[in-house]
Amino acid sequence: MVYMCGFFYLNKEMNMAQKAFEFPEELYYDKNHHMWVRKDNSATIVVGIDAIGLDNLGDLAYITLRPEGTVVKKGETVGTLEAAKMTGDVFAPVSGRIIAVNNACVENPGLVNSDAYGKGWLLTMEAVNWEEESSQLVHGDDLEPWIAAEIQRLENQGFDA
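Under the numbering used here, the first residue of the sequence shown carries the number 1, and numbering increases by one thereafter.
For the record, the hints were derived by calculation from the structure and aren't laboratory data. Warning: the hint list may mix true and false statements.
As the list claims (entries may be wrong) - Each computed BS3-like pair below joins lysine-lysine, with the alpha-carbon atoms no more than 30 Å apart:
no. : residue 1 : residue 2
1   : Lys31     : Lys74
2   : Lys39     : Lys74
3   : Lys74     : Lys119
4   : Lys85     : Lys31
5   : Lys31     : Lys119
6   : Lys31     : Lys73
7   : Lys73     : Lys119
As the list claims (entries may be wrong) - Label pairs and their in silico Cβ distance ranges:
no. : residue 1 : residue 2 : range
8   : Ala100    : His33     : 17 to 23 Å
9   : Glu132    : Ala84     : 23 to 29 Å
10  : Arg97     : Thr64     : 34 to 40 Å
11  : Ile99     : Glu132    : 16 to 22 Å
12  : Glu132    : Gly110    : 18 to 24 Å
Glycine is no exception: its CB is placed at the ideal position from the N, C-alpha and C atoms.
Construct all of the structure, not just a fragment, from the sequences and the given hints.
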């Protein structure tokens, strides 16, 4: 099931507009870095950028990711993004070892914008502390209130979330 978060806002021309964000509810979300996580089996996870993160970035132009075999701690940089609206880092949502990089996205960054939760994944990792660190990710019943609060936070900072 997919959670669609829709809301109204006043755009720069003071017209009422609507924007909707897709958040598949089976995923986990890093509330600090707008990354999503899908647990594939006992230790393997897939990582990508969530809808609000992509909306704030705009169209991606360049992606660089750390190589397979790199061991990272939760919150460490695993790559960089260059986009229409800004440049930023990609952060590890949990600790582990990078086991695959999605080279299709590195070669064609627009794939992330067009299919963020499908073919637009960034990397897979072998999580080393999933049970403890996943509790710090947003999931399940906490998803809807977090999205609403995050949209409000970004609007207060001047973003067109």
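Distance restraint between lysine 31 and lysine 73, which requires alpha-carbon spacing of 30 Å or less: The hint holds at about 16 Å.
Would you mind confirming whether the straight-line C-alpha gap from lysine 74 to lysine 119 stays at or under 30 Å? holds (24 Å)
Using the beta carbons of arginine 97 and threonine 64, state whether their distance is inside 34 to 40 Å or not. About 18 Å separates the Cβ atoms of arginine 97 and threonine 64, which means 34 to 40 Å is violated.
Keeping to a limit of 30 Å between CA atoms, is the pair of lysine 85 and lysine 31 held or broken? Satisfied, since the Cα-Cα distance of roughly 20 Å is no more than 30 Å.
Compare the distance between the alpha carbons of lysine 31 and lysine 119 with 30 Å, and conclude whether the hinted pair is satisfied. holds (22 Å)
Confirm or reject the claim that isoleucine 99 and glutamate 132 have a C-beta distance inside 16 to 22 Å. holds (20 Å)
Given the hinted pair lysine 73 and lysine 119, is their alpha-carbon gap at most 30 Å? holds (25 Å)
Taking 30 Å as the top limit, are the C-alpha atoms of lysine 31 and lysine 74 close enough? Holds, because 13 Å separates the two Cα atoms, which is no more than 30 Å.
Check the following: the C-beta atoms of glutamate 132 and alanine 84 are separated by a distance inside 23 to 29 Å. violated (37 Å)
Does lysine 39 pair with lysine 74 here, judged by a C-alpha cut-off of 30 Å? holds (16 Å)
So the hint says 17 to 23 Å: do the beta-carbon atoms of alanine 100 and histidine 33 match that? holds (20 Å)
Cβ-Cβ distance between glutamate 132 and glycine 110: within 18 to 24 Å? Check failed, 36 Å falls outside 18 to 24 Å.
The structure shown violates the earlier hints numbered 9, 10 and 12.
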